[in-house]
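**Student:** The chain contents come next:
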Amino acid sequence: MQGYPKPAGPRLAALLLWTLFIAGCAAAPQASRPAPAPPTTTGTESRPAPARERPAQPRPAPGPAASLQLEAEAALAAGDPDRAATLLERGLRLEPRNASLWLSLARARDAEGDEAQAEQLALRAVREAGSQPELQRRAWTFIVQLRERRGDSAGADTARRRAADAGGD
Amino acid sequence: MDAPPEPPRRRRPALAVVVLLLLGGMVLLAAWGVSLDRAVRSQFEGKRWAVPATVYARPLELYPGLALSPDALAEELAALEYREQPLAPRPGTWQRQGALYLVHTRPFAHWDGAEPARRLRLRLDSDTVSALADADTGSPAALARLDAARIGHIYPGHTEDRWLLQLAEVPPLLVAALMAVEDSEFFHHRGVSLRATLRAALANLRARRIVQGGSTLTQQLVKNFYLDDERSFRRKFREAAMALLLERRYSKGEILETYLNEVYLAQDQERAIHGFGLASQHLFGEPLETLAVEQLALLVAMVNGPSYYNPRRHPERALQRRDLVLQRMGEEGLLTPEAVAVARERPLGVLPAAERRRRGYPAFLELVQRDLARDYAREDLQSEGLRIFTTLAPAIQGAVEDAIATRLAGQPQALEAAAVFLDADSGEILALVGGRDPRFAGFNRALDARRPIGSLVKPAIYLAALAQPGRYSLASLLEDAPLSLALPGGQLWEPRNFDREFRGEVLTIDALAQSLNLPTIRLGLEVGLPEVAALAGRLGLPEPAPLVPSWLIGTGEHPPMEVAQFYQTLAAGGFRTPLRAVRAVTRQDGERLSRYPLATETLVDGRATWLVQAALVEAMRSGTGRSATLLPGQVLAGKTGTTGDTRDSWFAGFGEDLLGVVWLGRDDNGPTRLTGATGALPIWTEVMRRAQARSLERAPPEGVVDVWIEPATGRYSAEGCPGARRLPFHADALPDEWSECGRRAQRPAGRGLADWLRELLGQ
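Note that the protein sequences, when read in sequence, are chains E and S.
Sequential numbering from 1017 applies to the first sequence in my numbering.
Sequential numbering from 211 applies to the second sequence in my numbering.
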């Protein structure tokens, strides 16, 4: 809308009519745009990502989602889990079998405050991790944290055993 | 006495009268002004703010390794309205040279970030992107996202149509040409141009009637607020006054933008074509931004008389007027004399009415509207100019529409179709067809046709059984023999198999793969009708009431969309992901209003799901889906469904990524003479081929092992034994008996079953 200045042409304002119109218009409210009520807003009030130990991981050959995942991890570290989740979901559309993406998304959801989804996504990471024991272990370890946090010690023990079984380094 | 002269008393009443008259006149005028102002504002706001939501398809993401056929790429680019042009010099153009493509993307504000315009070079080898690079720098690109195709708008009604443009989207040359021809003082006047009005008035006086307009763009806009074309001095005066008011209230930019979207330019039968955006689509089948100079000039030419200069009906007049506009553009210095000369040589470039490309996805748009109706008021969708980013994949949608058209060619007109295709992992709906004519926005069968699903329900029964590993495996033997059930009403129900044969005993995997009714009913009753129905309910097939045994062979009625949700969980290994058609909604300025994130939930055991998947792969290999001609090496899972008297022909199936449900049937519920395998399956197959659905070839989940068994008994066997078959088993519930051949071949002396198992499990 910018870029087109109001006219600075001949002064029609001198006309009596014009003044009268203005007098008439002055009472009318200014044009305003009604705002729709947003149903679900995301992003602003999520809590910052808790600091976690992040073990160095051997990355598989980079796929199309690699750069998205890097960006997502940076966003998560910078306390923007919503941005991270957006990037990771985009990555998962390209590489739905990438367990590491699922696990990163689980962490982003957790940082957004949705622990139930975080656990489900981590379980999905376990499924996709298949023969990658290190990823399996990391996913189970993350599930241990989630379950301990909500006081499910039996569930946490199960997950801990799975983490131990998965091995890895 | 020099008394000060008395003011002449006689004059006072006269002055009072004058003042009173003046005041009265002023009040009347003010009142008129107020009412006129109110009219102007309501008209203008109504036009200006009633910006319907724009709906976008999902953007295509390109990367090396992406399965993409030349046809699919062409389909995507056509949906984006890209033009083929050598060297792809401008955004929105592309060029193909053999396997090499140049694609010049448009800049686009996606909901999750903006993409700049890029010239990409890509290579397609055997229907796969084999190389991707930035054409200008030559550096390879790992990932590139195209802009998202506009697939429609959400309008208040159906009669009016707009292709709304923001001022920034309008080619500056069009605006400049419009001013040169219609209102050269637009940026300087205040709504009316005295000079133009006087010039017109002179001409009108001379002719003693109104022959010339002299209207500014603002006046023309005001005129557009009225439906009729009355030409009187009273109307003129009123319009001039309203134009002055409009200019006082709104900026030149706002007025110009509204004008560009509002001006009446053409008629398409019942439909009035308002605005340059829609007129461009109507005449040229292209968006405004890709038009050539002479096409822009033609649009400007038509402002003066949409029907008089209708280029389809009166090409000669239109050409003359267009050339006049081009000449004016030259005079104004908008074009060089050479450019004018070149443009004048060009034809009108208007699409013949019949060949106009008609794109539209009414079935999908309806789904989008329903999804959004949960969160948004209808008025907001119609008037707030929201941008809706959806999941539609134009190439898949095109493949589904083509496949349905091919299969239905030569079939009776009453045969209807519906289809849902989606991404099994994300739950994103990629394509949706609601009827035989995909352009017709009528009864949306994909969402609303509740039809008996026949054998499509069977996987739920086997899933319920296989979730009890101690009790059932794919090698369990089921009885395929006559069955007679007493129903609550006292009737006797004697179900039969589709082929009316009895096989004695069959393996569980074959009972599902061959869709045998009798073993399935027995199994369902053994597991428990309520238990099976409850599981089906959780998977997305709401329980029927009353629950009767015939439900086990598919008397439950569901629309294709519900079936799709059910199969999504099967395809995604027991993880349910709610189906979605919308990714996000933003305001016009890009501010995000909502995002619909990926959600997933473990619904059924991944091992049991794996076993059911194996049976559905077997169905494609040797069972009811064996007639499908897939791509070489393409391993998919699927299930046919046929209801009594061939009233419904169903197919549901999936690969690693793509899942599809297809239904054929008649609205009057008459017979189709098509089974699932002869009706719906070929459509599904064609889509899976064209979309290059990825094979199911991943490793089984933890806790599932493949075992050789003897088909006749379901006992352990070994590779090389006669008829031995390799089936996946729940690792906790392997067969406990050996076949003779299996024992000899597989079990060396001195080693126990435990050792063998350990080896098998790789521990």
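For the record, the hints were derived by calculation from the structure and aren't laboratory data.
Note that beta-carbon positions come from the ideal geometry of N, C-alpha and C, so glycine has one too.
Treat the hints with care, as some may be off.
Stated by the list, open to error - Over the 12 Å line for every Cβ pair with chain E, so calculated as not near, a few chain S residues:
1) W321
2) V339
3) A351
4) R355
5) P705
6) E741
7) D877
8) R908
9) P911
10) D942
As the list claims (entries may be wrong) - Okay, the calculated beta carbon distance ranges per label pair:
11) E:E1164 <-> S:L310: 53 to 63 Å
12) S:P317 <-> E:G1167: 46 to 56 Å
13) E:S1083 <-> S:S336: 51 to 61 Å
14) S:P788 <-> E:R1165: 54 to 64 Å
**Student:** Confirm or reject each hint.
**Tutor:** Hints versus structure:
Look at W321 (chain S): its CB is around 9 Å from the nearest CB on chain E, not clear of 12 Å, so calling it non-interface is violated. Under the 12 Å C-beta cut-off, the non-interface status given to V339 (chain S) relative to chain E is violated; the minimum distance is some 10 Å. The non-interface label for A351 (chain S) is inconsistent with chain E: the shortest C-beta to C-beta separation is roughly 10 Å, within 12 Å. R355 (chain S), annotated as away from the interface, has a beta carbon of chain E within 12 Å; the closest lies near 9 Å.
Every CB of chain E lies more than 12 Å from the CB of P705 (chain S), the least distance being 37 Å, so the non-interface label holds. No Cβ of chain E comes within 12 Å of the Cβ of E741 (chain S); the nearest lies about 24 Å off, and the non-interface call holds. Against the 12 Å criterion, D877 (chain S) stays outside the reach of chain E, whose nearest CB is about 35 Å from its own CB. With a minimum CB-CB distance of about 7 Å to chain E, R908 (chain S) fails to clear the 12 Å threshold, and the non-interface call is violated.
With 12 Å as the threshold on Cβ separation, the claim that P911 (chain S) sits away from chain E is violated: the shortest Cβ distance comes to roughly 6 Å. No Cβ of chain E comes within 12 Å of the Cβ of D942 (chain S); the nearest lies about 15 Å off, and the non-interface call holds. A hinted range of 53 to 63 Å for the beta carbons of E1164 (chain E) and L310 (chain S) is consistent with their spacing of about 56 Å. Take P317 (chain S) and G1167 (chain E): their Cβ atoms lie about 50 Å apart, and the range 46 to 56 Å holds.
Evaluation of the 51 to 61 Å hint for S1083 (chain E) and S336 (chain S) yields a failure: the beta carbon distance comes to about 26 Å. Look at P788 (chain S) against R1165 (chain E): about 26 Å separates their beta carbons, and that is not inside 54 to 64 Å.
Hint check: violations occur at hints 1, 2, 3, 4, 8, 9, 13 and 14; the rest are consistent with the structure.
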